[in-house]
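6 protein chains.
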Amino acid sequence: MTAPVFAAQPYSGIASFGRVPVASDATGFDVSILGIPYDGSVSYRSGTRFGPRSIREQSLLLWGYNNVLNVAPFKTLAVADLGDVDVFPPDIVATHREIERVASKILTTNSRLISLGGDHSVSLPLLRAHAKKHGPVAVVHFDAHPDTWDSEYSGQRYSHGTPFRRAIEESLIDTSGYFQIGLRGPTNGPEDYLDAARLGAHLITFDEFRRTGIDAVLNEVRSAIGTRPTYVTLDIDAVDPAFAPGTGTPEVGGFSSYEILQLVRGLRGLNLIGFDLVEVSPAYDSSNITAILAANLVFEFLSLVALQKT
Amino acid sequence: MTAPVFAAQPYSGIASFGRVPVASDATGFDVSILGIPYDGSVSYRSGTRFGPRSIREQSLLLWGYNNVLNVAPFKTLAVADLGDVDVFPPDIVATHREIERVASKILTTNSRLISLGGDHSVSLPLLRAHAKKHGPVAVVHFDAHPDTWDSEYSGQRYSHGTPFRRAIEESLIDTSGYFQIGLRGPTNGPEDYLDAARLGAHLITFDEFRRTGIDAVLNEVRSAIGTRPTYVTLDIDAVDPAFAPGTGTPEVGGFSSYEILQLVRGLRGLNLIGFDLVEVSPAYDSSNITAILAANLVFEFLSLVALQKT
Amino acid sequence: MTAPVFAAQPYSGIASFGRVPVASDATGFDVSILGIPYDGSVSYRSGTRFGPRSIREQSLLLWGYNNVLNVAPFKTLAVADLGDVDVFPPDIVATHREIERVASKILTTNSRLISLGGDHSVSLPLLRAHAKKHGPVAVVHFDAHPDTWDSEYSGQRYSHGTPFRRAIEESLIDTSGYFQIGLRGPTNGPEDYLDAARLGAHLITFDEFRRTGIDAVLNEVRSAIGTRPTYVTLDIDAVDPAFAPGTGTPEVGGFSSYEILQLVRGLRGLNLIGFDLVEVSPAYDSSNITAILAANLVFEFLSLVALQKT
Amino acid sequence: MTAPVFAAQPYSGIASFGRVPVASDATGFDVSILGIPYDGSVSYRSGTRFGPRSIREQSLLLWGYNNVLNVAPFKTLAVADLGDVDVFPPDIVATHREIERVASKILTTNSRLISLGGDHSVSLPLLRAHAKKHGPVAVVHFDAHPDTWDSEYSGQRYSHGTPFRRAIEESLIDTSGYFQIGLRGPTNGPEDYLDAARLGAHLITFDEFRRTGIDAVLNEVRSAIGTRPTYVTLDIDAVDPAFAPGTGTPEVGGFSSYEILQLVRGLRGLNLIGFDLVEVSPAYDSSNITAILAANLVFEFLSLVALQKT
Amino acid sequence: MTAPVFAAQPYSGIASFGRVPVASDATGFDVSILGIPYDGSVSYRSGTRFGPRSIREQSLLLWGYNNVLNVAPFKTLAVADLGDVDVFPPDIVATHREIERVASKILTTNSRLISLGGDHSVSLPLLRAHAKKHGPVAVVHFDAHPDTWDSEYSGQRYSHGTPFRRAIEESLIDTSGYFQIGLRGPTNGPEDYLDAARLGAHLITFDEFRRTGIDAVLNEVRSAIGTRPTYVTLDIDAVDPAFAPGTGTPEVGGFSSYEILQLVRGLRGLNLIGFDLVEVSPAYDSSNITAILAANLVFEFLSLVALQKT
Amino acid sequence: MTAPVFAAQPYSGIASFGRVPVASDATGFDVSILGIPYDGSVSYRSGTRFGPRSIREQSLLLWGYNNVLNVAPFKTLAVADLGDVDVFPPDIVATHREIERVASKILTTNSRLISLGGDHSVSLPLLRAHAKKHGPVAVVHFDAHPDTWDSEYSGQRYSHGTPFRRAIEESLIDTSGYFQIGLRGPTNGPEDYLDAARLGAHLITFDEFRRTGIDAVLNEVRSAIGTRPTYVTLDIDAVDPAFAPGTGTPEVGGFSSYEILQLVRGLRGLNLIGFDLVEVSPAYDSSNITAILAANLVFEFLSLVALQKT
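Chains as they are written, first to last, in my numbering: chain D, 1 to 310; chain E, 1 to 310; chain G, 1 to 310; chain F, 1 to 310; chain X, 1 to 310; chain P, 1 to 310.
Only chain D is shown next, with the shape it has when bound in the complex:
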């Protein structure tokens, strides 16, 4: 029996993600974890500013070895926790600017970036930073909602319902490799999905997912994306509220925890360059099960990165 990865039990100590070292500079690390405690643009329940802290705390349950993918990412990879970027609650533009600045700086070190939201608006500056480095990127986007509205609040271009329209307008996304998976629930009208499709996204609703089956969905994603640099964004509300109650705009009728784990694992082999997991809202997270799931999903992504390296 090997020694534990972590010296201490999960109830003990100061919680960085997975107890990796806390660093102020990404240099020399394969992967950087960055918290983005911004919830200033959510349309229903607020509170996702506490997402990064809760995910870090629950990440201490991750014992280190991935038995499905047969990899020990914390051993294979040099991972650092860079703490949280500064955010300015009343000013989304200043906040996005700071996120982009910090993310860009990390990416210059060739560290991969895993970001913990925060609301989904933060994917826009993250995509800006990644596209600055890689050019327009393929995106696998797990979500209950397309987040491609033009404006969610009167006259406001930036909020958690608009980042992917903005990202496409800014040519950050290579839409030939852009998949939205898990869409469901009421929308403002048929235009919500039609607009997303017109913008170039490939929509896979939850209904289609269940009809088609996970293998077919993953095959479609893999064959369309190929070897393109691929960014993964995972809104935890893609998951059914039974499995992920701690979020701001829950949609019933979604993925089980096992399905979302399989979906992320199923991205194995893609050229993965970055990941964000957003919209975990701890004040609504009965028994912390959402944060535990989120920590596991980050662990799966880390495992995929570790497999790329090996």
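Think of the hints as simulated: they come from the structure by calculation, not from any bench. Note that the structure is a prediction, hence the values are computed from the model and not measured. For glycine and all other residues, C-beta sits at the position ideal for the given N, C-alpha and C. No false leads were mixed into what you were given.
These stretches of chain D come out as covered by chain P in the derived footprint (C-beta under 8 angstroms, 3 or more residues):
| no. | region |
| --- | --- |
| 1 | 52-58 |
| 2 | 76-87 |
A partial selection of chain P residues facing chain X, derived with a Cβ cut-off under 8 angstroms:
| no. | residue |
| --- | --- |
| 3 | Asp39 |
| 4 | Gly40 |
| 5 | Gly47 |
| 6 | Phe88 |
| 7 | Pro89 |
| 8 | Ile92 |
| 9 | Ala94 |
| 10 | Gly155 |
| 11 | Ser159 |
| 12 | Ala283 |
| 13 | Tyr284 |
Fit chains E, G, F, X and P to the supplied structure of chain D, relying on the hints for placement.
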């Protein structure tokens, strides 16, 4: 992108169901929403008196367009929220009389009635009102329990475990079109199910549902009911407590949120005349996921009514 | 025994404040209740956007007659609930502009305005509207914190820690009649209180309150303010977290519920022109006791207004 | 150091009150504990049906010796837990009849009865049983509300807002020794208190309590009551919601836990014949502090009875 | 309709398991229920000491007849609740000794023992007691984790992560009939599973379960075990946290409530000699759904025992 | 206005206590913060193992300047957070040994030690470490319970109810300067207090505190202790559960948050050498108000130490 159905975000404003107009008279409305905050006859956890308020609050998350059924019920239909009927907690008979009086008055306007419980005893006066208008009705009854006991408390004929026996005794239900779907869990004895069957109900236990499959179940329901006027009663405890913890007598091993959504959608094409959704108990509803599911189920029913009209 | 003010029990019906009529225009009402569901500038726990809804819901417990002040404000006064002002979470400036616009419009009708926050930043546009009508106003400010920082987030002038510095800079407050009552807890430095004092506020810390006694405090306030038009702003975190846990930046060692009730009642006789109650955060409000206290404090203020009229 | 009264730690075992023996007959016991899990007549939050179970569970924290009164009631007295009386949620009259029947039977054994509610309506049948034995009794009634309405729901004579009017009408109470202590909060009108006074109750509002002081209040009670047989009824909402959040109709601005303990202890020397503690509602009892307080108040009453015996 | 098994409603009375008689001696009972409120060795969230009490409370929802297995175990079997064994939180060795002593005494009466944990360390003394009687036993072990570490805390042989290694070392388990079902989640390394396999356990991970299907899994278990005396140990964390949030070390991606019910029912026909259900932690059990599931799983096991007898 | 002590808002970043540096060695720091996540010996609710993490998280609300004592302890003192000591849940003796070892090592650096529990048993090894350096120390002990039992569990010398008897037996405490303040609630018998007194403790029950007044109590403490090296141990259950619900063995009728703040501040001028704050149990801490109070009490102690230095 169309304008939102709702002018305000879901956290904002005074909550009528789906922000439809509040009215004191159903005249001129295709559908009336009525709250029935009565929880005086429950056998375990009380609190479903707060069900209507919580469902209304969470209904503000319903953006308006049903992407599976391709209909916008709040646009197709004139819907009103009639507020809550007066109830008298210590007196079930007086309460039922008032429910029947108010429901009957609404039905005379030719508005369809969607009722938000409250405990399941309220289906009895609702069925009285509907049968007064339509004669004995077919009933699709989603529930973990048959609710056809003769008496739940010594000498008490009326309570949340007896309404459908009373309704059959009073010839309110056309039992050739009466389905109980989702039954499971321990009962007092084999008689509980046998009695329900002897009274004329078609029982589809959860076990049978999973063995048979949803399509076969829905086909059986549709072919047996045909074009009869059909009332739908949905006890939220039909759903597994993981998906609907906020209820009074939870039974493990039940429907997922996706299954119950499919089941309600699957009633498309029936001659639907009324609907109640009962037993949502907010004090036990961690993170409000039960009320969100309930609001969505009402939305699906509204969508079916909208399709009938179009 | 008189008939109840409210026809229905508190668990029943759609909740306007105290079941007063919902109106879109303040004309003809002595008092208007306005919700401001904005929490975009808080520095710790978010969620006060749900404050207005929760206070309205708990206000149904207010039976109508004030036994200490011997007045029935809902009978003496014509009170309306104007619902919630539109807010734009990612944009504090646009939000403040809309609050000021709506508040100003209400004040032109000569209706008094009682506002339910929302975070404390909303007092700034509310003071703008009141000062536009009355000129610089006396302010009785109950709070654990002075809220007179120059900037809470790098480069941001507007947030829930700065409104009263801004208001003084904009000459909205007649500082000779400006009292901050209940201050306590750690601050950034001695400058926090010194700055507030230099800006003109009369500071009464919680320690001084307990040493001096409530009568002396109220006498000081009354004699300093005299007949000036007086605005009252009450941050619920003035109250100890045992009595008001549902707030964003709790400070231990504060007022009991009885003390804050006495303090508000003790403003009797002042020339009261407006009131806001802010920072109720329902997601942290175990058992709703904070919202119940908030509803009672609004009721006390309404009672004071009713006494002015009689 | 003596052996613990209880063999097991409080987390262990099946919870009778204070681990006293469970019995089906009161004969031979000085005091009987009886649960009354009826919440069918409450006007706001339901759930006090779970009060007896929660109080029993928390009573295991009572180590046995009263250090203020210097008595060990579980040693001085033979105490039994008779379990819960049968209640019939939809029928208050049948429920009251059963409560009276069971209570009367217990009282014929000369066991004193301590009842755990349940809502306050249960005091009526309890007073019937006690008055049958003792004639009209003096009553010390701790409450935020007078509970002397004539009717709380249209046409309903019995509910948790009317028991003491009914009891006076039925001559169960010797009103010359009837004190209502702790009244506060909004009422329907001045008539609520005036009616209670006209019916004969001595009203001591919370304001008067704080002005007069506890010693004066207790002296007044003792001198008015003298040696009359005295029944004590304690609605936990007499206590401030900070100290007793787990109740159905919380009123802010009430007793602290220390004050209510002192008040009950202060009844020492009265001729105490019975006690009920009502309106504990566990679903709203954050961290069980209300049930812990309730268990302690029962313990204080037991201590007073023990002192009477010694 | 038969009379209810239980005289009272589930909210009423003092809760033994299923309202069976409380006894201090197992003699004459077919089955004994024993609580083991020990949580002294858990590695993350503590609190499972309250598991037995919560399971007992929720067991009152079990109406008595198993409709899937067609048996009424409380009628077929004489069942007693023996209360809780004494535990000594700071001393695991003394606690295990007392558990073994009490369990052994029960087993000498030929009563079967069903134990309610408590943390999983308690299975070790329980297996000691069962093996003393039956020799090495086959074990069906439902769990997310193998619990076969050599040491979880530096130098500590006994804790909730090690009982099955100890049991194998002590020859309590016939490993040719030892199945671990439901394993998943990160481990310390590949050795965790490899070690369990080397020790002799048959591992069926959750992934394999879903790929293979429940019938194949059950067939494998039954054919390997045959007629050997079989002990069943069920760690509730085998179930997904959505269905069983109230546990100490939740692992996402596990069984639904329906699957675990089917798995336990699927053991029908085995020579079942004992059962424990461990790791229910009520402080994390939103809405009690974990305890309700646990009570139902005990009921299924009782049903299997009843079928053995008939 | 000075710059904030903390660069980030309280919702942001990885939480060391008050954002002081995390260090593995106390050398060079005036004060070391040490978490002790051990809850293995509690007699009721477990969970205080999460106390240190929760107190650290809420400590981010401490803005840095103490307005009552006029000192900025984080500026005056070099403070480090040493993280958590390793604990071994099933073995109290090994755990205590490790606590003593780590604490002793810290004390050799001349850093003062502030420990965050964990249950009250941890005060024993902490006193061993302090007495090793200072000889027998004066102790100011705030608690609802004397914690001087001889044995709490059969045959167990060490647990959270016995540390101060052990400490006196081991001559760690100079009992002429040993005060227990806040005692109340039921005990096993009169011996509990008598034993504590016989052992040498000066007992000040809560009743005496309220009768005598805080100034007299503090004067008595100060004059008895004089300049002796003084250790302060604060069991959060000294505080009333309304203000500190998050603890394991709550006793009603205790200190308010303001009173405990005044008591700790009132130790100004004593020769303070160490401090522990124990028994914060986050799973029962509605809205985190207990942890917020605990963080403030640590801040007050830090302020006292800062005043000693200046």
